[in-house]
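J.: Chains as they are written, first to last, in the working numbering: chain U, 1 to 407; chain F, 1 to 364.
Keep in mind the hints are simulated off the structure, nothing from the lab. This one's a predicted model, so the numbers in the text were calculated from it and none came from an experiment. Treat each hint with caution, since some may be false.
As the list claims (entries may be wrong) - Simulated crosslink set (DSS-like; lysine-lysine; CA at most 30 Å straight-line): (1) U/K174 to U/K13; (2) U/K392 to U/K13; (3) F/K350 to U/K206; (4) F/K344 to U/K206; (5) U/K174 to U/K254; (6) F/K104 to F/K118; (7) U/K254 to U/K241; (8) U/K241 to U/K392; (9) F/K350 to U/K276.
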Amino acid sequence: MTVYLAEFWHFTKESVALVASGSRGYMLWVGLLLLMILGGLYAFVNQASFGLVTSNMRDPVSWGFYIGNFAFLVGVAAAAVILIIPAYIYNWGPIREVALLGELLAISAIIMCMLFVTVDIGRPEKVWHMMPGVGTPNFPYSLLVWDVLVLNAYFVLNFFVATYLVFMSYTGRKYNPSFIMPIIFLSIPLAISIHTVTAFLFMGLKARPFWNDAILAPRFLASAFCSGPALLVLIFQILRKVSPVQISGAALRKIGELLAYAMAINLFFLGCEVFKEFYSHSHHVIHARFQWFGLEDGYGIAGYSIFALTCNVTAFVIFVVPALRNRIRFLLVGCVLAVAGVYVEKGLGLLLPGLTPDVIGEVYRYTPSLNELMVGAGVWGVGLLSFTFMAKISIAITLGELGYRRT
Amino acid sequence: MGNARATGGAPRRFGPASPATTRIRRSSNRSSRSRLRFRLPWLPGSPTSSRRKPIVKNPERDEHLDAKGASRRKFLRTTAAGVGAAAGVPAAAEAFDFETFFQKNFRRMSDEEIEALKDRMARKYEKKFGKSFNVQATGPVDNTLFGYGLDISRCIGCRRCVDACVQENNQSRDPEIQWIRVLEFERERVVRGFELDEGNPYYEHEQAPAEGMVYLPIACQQCEDSPCTNVCPTGATWEEPDGIVVIDYDWCIGCRYCMAACPYGARHFNWAAPTIPADEVNTNIHPLGNVPRSRGVVEKCSFCIQRVRDGRYPACHEACPVGARKFGNLLDPDSEISYLLKHKRTFVLKSELATRPKFFYFYG
Ligand code: SF4
Ligand code: SF4
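With the rest of the complex left out, here is chain U (with noise of 0.2 Å):
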């Protein structure tokens, strides 16, 4: 046991040495990140002080930014684990590395979504009134509930997992395939049911026609299954340009083939939605209308639907074409059209539609305040942060440049 500690106490120590130090470039990258960490927290402090008047969410529109980045950032967290499947499909490298990455992303993921709960409610100092225990959750009927705690496990699985690889690699263990792997296993069917939770808390609202829609939880998982690995991409291109890590090309291609699955998926549910509302043409469609034209007076979201749309479609037809594919510079613009499109799709797209009109058919023109953005910012600084310095640490032990040699 005491091995154990003095191992772990080492490993903390070097850890931390570690990502204090780095490139000049690292330096400026997590200088950048440190800056928007401190604009978010002014930016916090200042809607704690005098409340959420500092957002511009109103009644109509109760919830906005902050929800919206909490159900892409679910997805993300969801899509970076599965990516562990293909992993074994395609029988892709040490699929350690890769487990470990997608560990990394999603924990940061999840940590962003946590943040963002968190800075949304009006009183963030009584979240303990949901504990079991001290608080009095309404379980099992709020979704809520659900869904923090299949978030809660899903944090301490991913974590639990990661730094037992990381700590394993750190004292030249092996890591032992038969414990961890059933763990591995199990997180998928988690990440599944974190952003099916996510999903069913809009979807139970029988109060908002365009969230009640029984596809609504394939969708969010279409379109996550589209952003997940495809900031993964982006994240291992980054990797492989700025550390020694090796991650084939051919890798990278595979994943987008993947994409091109997950994004055909993503735009086939779309389409039966829309085909829905505007074909069925109930009183409900005032939604999807604000979504894809706008209202009588011209307001709507129009314009963000379409340039979600287009950046879906195209980044479609690069995944799906081998021949652009397979071109890596090709594939790196898919991937970067696919994050921006689903962020929308799912941030926009989903919040704003089921809020606007309101329930007595009332329209509040919402755009995020300045403060908002910020605070928005700093949370994204810091899920950016803790993933930097876990992928800085996990990475200088797998290439072997920090251990503890065990005498």
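Based on the hints, put chain F with the ligands in the right spot on chain U.
T.: Just chain F with the ligands now, kept in the frame of chain U:
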């Protein structure tokens, strides 16, 4: 007799040019407080909205966005000035109260704990408003299911109920919160039934009722199968045995999930610290009803729990000049409300959602 609203300060106009043809309203017409302070050209809504409507700068919001000490003091001053003899302390200065922070969900409190809560509340608000408070936590009335009836053919849309409700229930004057909203409909369209989104809550006439219009006041419908209580993650809101859906304002965390779930837009969030002038505060309070709320929690109509459990009528009922409002015990076959339900043509809003409201509309 125009509109009798609580503050009457900010001019409220009737949406775009022709109300008769425009079904879409924007709440940002309502008052400067909902105007957007920052408009970035690349964000939705900005290009059209900034072209169509001038941005009215709201000094108060500017202060909100500047956390520097000096301007915060200025903010406190402007708020105070705006409200007159405001005793409402902005949230920034809200003192941390250990006991309140660790108090239980109201539903879990023992009788002694409720007594302690009453004491605590009395002390707290006495200090805040400089008046003595009478806190009553009267429990549910036996063999009673409260129900409300509203005679559509009588309502004239004068909004006196709104006014009375604001006063009775200590709703924030700035920012303005109103639990009751009166929707105006064109009579011709109503022939096909009330579609809530065809109603206009922002009408502004010299005279009400206006020619060819009918009015539909809405507030919390006190659903029996209430979507709002189902979704609440903390169990801060529930239906009492006498049918009133209540919120424990000290337990609510302000996640606003209930607002997304309510099909009637009946729940309102305290985006900023509510303010009530000390000379207007109602000192007869119930912890689950009209107790002054704090920033960051959701609130709504409780059928005036502080009144009806003592056998009185809700404030809106008393205020209605034409007697359009009826209130009583649904379980009592001899009550007026039971009679009306049996003999009049009644309906509930959005019945397709099966929320089973205890608020009924009827044609008298
Ligand atoms: S009207 Fe809304 S707030 Fe009132 S009980 Fe029904 S769902 Fe809840
Ligand atoms: S805002 Fe308050 S009452 Fe509404 S769901 Fe959240 S905790 Fe419950």
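J.: Each hint: holds or not?
T.: The hints, checked one at a time:
1. For a cut-off of 30 Å, the pair hint linking U/K174 to U/K13 stands: about 22 Å separates their Cα positions.
2. For the hint linking U/K392 to U/K13, the alpha-carbon distance of about 14 Å falls within 30 Å, and the restraint holds.
3. Distance restraint check for F/K350 and U/K206: the Cα-Cα separation of roughly 11 Å lies within the 30 Å cut-off, and the hinted pair is therefore satisfied.
4. Distance restraint check for F/K344 and U/K206: the Cα-Cα separation of roughly 29 Å lies within the 30 Å cut-off, and the hinted pair is therefore satisfied.
5. About 28 Å separates the Cα atoms of U/K174 and U/K254, which keeps this hinted pair within 30 Å; it holds.
6. With a CA separation close to 13 Å, the supplied pair F/K104 and F/K118 stays within the 30 Å bound.
7. Proximity of U/K254 to U/K241 is assessed by CA-CA distance (about 19 Å); at most 30 Å being required, the pair is judged to hold.
8. Between the alpha carbons of U/K241 and U/K392 the distance comes to roughly 14 Å, so the proposed pair stays at or under 30 Å and holds.
9. For the suggested pair F/K350 and U/K276, the alpha carbons sit about 22 Å apart, so the restraint of at most 30 Å is met.
Comparing the model with each earlier hint shows no violations; every hint is respected.
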